[in-house]
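Student: Residue numbers (the numbering used here), protein chains in the order written: chain A, 1 to 434; chain B, 435 to 902.
If you're looking for bench data, these hints aren't it; they were derived computationally from the structure.
The reader is advised that the hints may include incorrect statements.
[What the hints assert, rightly or not] Among the chain A residues that face chain B by a calculated CB cut under 7 Å, a handful are:
id, residue
1, N241
2, S408
3, A410
We put the CB at the ideal spot given by N, CA and C, even for glycine.
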Amino acid sequence: MADSGSEDIAVIGNTDLTPSESENNLKNTMVEKGTNLLKMMEISVAEAEKRTGKNAVNMQETYTVYLIETRPVDAASEGTNPVPDSLWRRYSEFELLRNYLLVTYPFLVVPPLPEKRAEFVWHKLSADNMDPDFVERRRVGLENFLLRVASHPDLSSDNIFYSFLTEENGWKETVFETGFQAKADSRLKALNATFRVKNPDKRFAEMKHYGDELQSVISQLLRVRARAADRLYGVYKVHGNYGRVFSEWSAIEKEMGDGLQSAGHHMDAYAASVDDILEEEEHYADQLKEYLFYADALRAVCRKHELTQYELEMATMDLTSKKQQREELATGMIRTFSLKGMTSKLFGQETPEQREAKLKMLETQIEEGKEMVKERNAECEEFVKSAWVDIERFKEQKDHDLREALISYAIMQISMCKKGIQVWNNAKECFSKM
Amino acid sequence: MSRSVVDNTVSSGNSSVAIPTDISGQILDLDEDDDLEVFSKDTSTTLTDGSSFNASMQTSPASMINQYKLEEDADTKDIFVTVDNPESHVTAIETYITYRVETKTTRSEFDSCEFEVRRRYQDFLWLKGRLEEAHPTLIVHPLPEKFVMKGMVERFNEDFIETRRRALHKFLNKIAEHPIFSSSEDFKIFLTAGTGELTSHKKQGPGFLSRMGETVKAVAAAVRGVRNRPQEFTDMQEYAEAFSQKISSLDKITQRIIREQKEYLEELKECGPTYTLWSQSEEELAEPLKNVAGCEDRCYKETEEQVKHLNDHLIPVLHEYVLCADTLKAVLRRRDNIQVVFEGKAEALATKAADRDADSKVLSLAWDSLVGRSPEEVKQQKQQKLKGEIKEMRDELDKAENRLEWANNALKSDWIRWQKVMRSDLRSAFIDTAERNVSYYEKCLAVWESFMQSQRTDAEGNGKVDSS
Chain A
1 MADSGSEDIA VIGNTDLTPS ESENNLKNTM VEKGTNLLKM MEISVAEAEK RTGKNAVNMQ
61 ETYTVYLIET RPVDAASEGT NPVPDSLWRR YSEFELLRNY LLVTYPFLVV PPLPEKRAEF
121 VWHKLSADNM DPDFVERRRV GLENFLLRVA SHPDLSSDNI FYSFLTEENG WKETVFETGF
181 QAKADSRLKA LNATFRVKNP DKRFAEMKHY GDELQSVISQ LLRVRARAAD RLYGVYKVHG
241 NYGRVFSEWS AIEKEMGDGL QSAGHHMDAY AASVDDILEE EEHYADQLKE YLFYADALRA
301 VCRKHELTQY ELEMATMDLT SKKQQREELA TGMIRTFSLK GMTSKLFGQE TPEQREAKLK
361 MLETQIEEGK EMVKERNAEC EEFVKSAWVD IERFKEQKDH DLREALISYA IMQISMCKKG
421 IQVWNNAKEC FSKM
Chain B
435 MSRSVVDNTV SSGNSSVAIP TDISGQILDL DEDDDLEVFS KDTSTTLTDG SSFNASMQTS
495 PASMINQYKL EEDADTKDIF VTVDNPESHV TAIETYITYR VETKTTRSEF DSCEFEVRRR
555 YQDFLWLKGR LEEAHPTLIV HPLPEKFVMK GMVERFNEDF IETRRRALHK FLNKIAEHPI
615 FSSSEDFKIF LTAGTGELTS HKKQGPGFLS RMGETVKAVA AAVRGVRNRP QEFTDMQEYA
675 EAFSQKISSL DKITQRIIRE QKEYLEELKE CGPTYTLWSQ SEEELAEPLK NVAGCEDRCY
735 KETEEQVKHL NDHLIPVLHE YVLCADTLKA VLRRRDNIQV VFEGKAEALA TKAADRDADS
795 KVLSLAWDSL VGRSPEEVKQ QKQQKLKGEI KEMRDELDKA ENRLEWANNA LKSDWIRWQK
855 VMRSDLRSAF IDTAERNVSY YEKCLAVWES FMQSQRTDAE GNGKVDSS
């Protein structure tokens with residue numbers, strides 16, 4: 001355990017903790033920045049279960065909960081195999097966690113959750129959230145999400161994330177207590193910034209563009225593959241009819257009967273083989289979908305940059321205009337239009353006392369403005385620095401993962417071809433015996 | 435070299451040619467087989483009921499079976515026919531296609547070794563009709579259909595012509611391989627005669643009216659219905675029905691597969707380009723993505739060819755046998771009709787014989803005495819007349835019985851032959867299809883394995899661990 005000098009024993013996995021013990025837990029098990037949680041503990045989403053309960057509007061609803069299991073890494077290597085700690089969470093809680101992370105770490109590309117509703121389905125898959133296949137794939141996706149977060153150099157050390165994994169009760173309250181919701185940028189604000197920002201960092205602009213393209217092309221690919229899968233399913237299944245007819249035909253033939261009958265069985269096998277093939281296809285589609293949603297996360301970071309840049313620009317503009325106003329007031333030259341100016345023209349100049357007061361106010365505002373610009377500048381620079389580090393990390397991860405995905409896709413194709421060769425060779429042998 | 439027996443069916447309208455005995459001598463010289471009884475002597479070639487089908491296949495039933503045996507032993511094919519080179523002809527009235535029919539043969543009844551003629555679909559139709567007329571209970575391989583109504587295929591569409599050409603080629607080869615048909619005079623003329631010669635030969639055939647008469651008879655016979663059909667023919671009927679259903683199903687299934695494949699191709703077409711598009715936004719990933727795009731494109735091409743092969747090779751064979759199934763049913767019907775004719779004649783004879791034995795001439799005697807003839811005289815006259823009639827009917831009945839026996843045996847032998855050919859054809863077609871599928875998957879496998887290979891060498895090049 002990472003021992004940061006405390007004498008108290010870190011107790012992991014014991015849920016009957018006193019507040020001070022649990023404090024210590026958090027302190028001591030807090031992973032140092034740079035190392036990740038996965039080196040300390042194993043995380044898995046082991047099961048899924050249906051529950052019924054009353055929802056917010058007091059109506060009965062059915063939902064699925066997922067079992068999160070954690071186990072210290074050491075325990076496994078010591079040979080003892082203690083029962084893992086576990087708790088149940090529903091999808092909405094995962095969403096809450098992610099929203100919290102998004103707001104708290106806007107400069108990071110936050111791993112995405114598996115899709116809320118089944119999209120890009122082909123006919124065999126049901127779009128129903130209660131469908132067991134969908135639930136299973138979601139379970140895998142949720143596990144993947146947790147592992148991604150746990151292996152991220154920055155996210156893995158987050159308390160809320162840790163307690164999500166370890167504290168069943170009261171976690172929601174803890175999250176809300178952080179007040180993260182208040183920190184969230186409004187949509188309108190973000191949109192406004194995107195339109196009005198003048199000098200966003202070129203790299204971020206390019207990244208955003210890349211995110212758009214990635215999302216578009218992966219969507220297209222998923223659509224095409226879903227339709228192709230549908231058609232391929234049809235091709236294979238129709239071959240099953242051969243099996244049936246060969247069998248019926250063999251009944252009226254004498255010498256040909258056996259060959260036909262056995263060939264028919266192979267046709268049935270061929271038709272059935274498509275189910276496994278398409279299941280593997282789904283897995284590939286899931287890998288693509290993860291990066292489809294990652295593209296969104298990437299764009300979110302770029303948008304945040306635009307926002308911080310815009311706010312810096314606004315602050316700078318504001319400061320400039322205030323300085324100008326001071327100048328005008330001091331020199332008497334009116335370069336900028338102001339109502340005061342007009343009214344003073346119409347109704348007479350203001351008194352020197354009034355001018356003095358105004359100047360003083362402006363000075364204060366200018367000082368404040370300078371501070372603001374300094375702050376915003378620092379924010380912006382900090383953001384750009386951290387974000388770019390994570391974007392580079394993300395790029396590497398993406399290149400690696402997608403390449404692996406393509407390879408596994410090729411492996412799947414190879415397996416499909418090998419099966420096809422086997423079945424048709426068998427069929428050919430049977431036909432020869434006709 | 436053994437030869438098939440010359441078909442003595444006289445296809446010209448000259449139906450009173452007796453078989454010269456010297457020819458039989460020649461043929462017997464060439465045949466090793468002593469059992470072969472080529473000709474029975476007391477049947478005449480003239481048929482009094484004016485039917486146009488010549489049951490002047492003068493071979494006895496036993497010899498028919500021996501002929502088949504002979505043909506099977508003969509592995510050396512002595513006649514090769516090809517149909518190719520379609521050309522279109524435009525006249526004032528119509529446009530039509532002719533095909534080149536080339537024959538190479540060592541058979542001595544042919545004047546030369548090589549022949550080249552041009553024939554149109556109508557000519558093939560004529561030949562088939564002639565063979566069916568001459569041998570109503572033999573199974574003639576089907577011709578491709580006149581029009582393909584399903585896809586509203588235009589008659590002069592390239593694919594349609596090519597499909598038809600292949601089917602016509604098969605048709606002639608099946609005729610050439612048939613022990614009886616290949617020695618048909620009509621077949622020979624079809625292969626060798628010039629266009630004008632063929633036209634005049636066609637005109638010599640039994641006229642339209644006599645054929646009509648035959649059709650009317652057949653319909654009448656069908657209405658009457660056969661009484662005592664031997665079980666084996668009923669079995670054949672059931673088989674023909676079942677076979678027809680199964681082969682039609684296979685045809686439909688295969689067409690459905692082709693349709694689904696084509697729709698799959700439509701989607702697959704977009705895969706490669708999508709990966710290519712993606713590769714344009716990427717740096718590290720560009721190369722593997724382009725590679726995958728290439729693989730998808732290659733697989734697309736292979737799939738396209740595989741579908742084409744299915745369409746060009748399996749479908750025509752299945753289609754042929756759908757038509758064959760109809761032929762089987764028609765042949766069985768014709769056999770039934772021959773039996774009906776025989777049964778009718780037998781019945782008529784029995785009635786006449788009963789008449790002769792009956793005493794009930796009271797009324798007629800009364801009439802005769804009225805007109806002034808002596809009862810004895812009249813009775814004698816009547817008896818003579820009846821005797822004559824009965825003899826005639828008996829002769830006819832014998833002929834009909836022979837015809838029936840011959841038809842039955844012909845059908846039985848040909849059925850066996852047909853089954854063998856069917857089995858062989860369909861087996862080849864299915865094996866071919868299976869092989870093609872294997873080859874398709876092997877090609878796609880190679881495509882993806884080359885991708886894996888490229889990724890491995892890349893990984894090794896970059897110093898990464900080989901991930902397999």
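Student: If a hint holds in the structure, say so; if it does not, say that too.
Tutor: Tested hints:
1. N241: holds (5 Å)
2. S408: Hint on S408/A: violated, closest Cβ of chain B at ~10 Å, above 7 Å.
3. A410: holds (5 Å)
Hint check: a violation occurs at hint 2 only; the rest are consistent with the structure.
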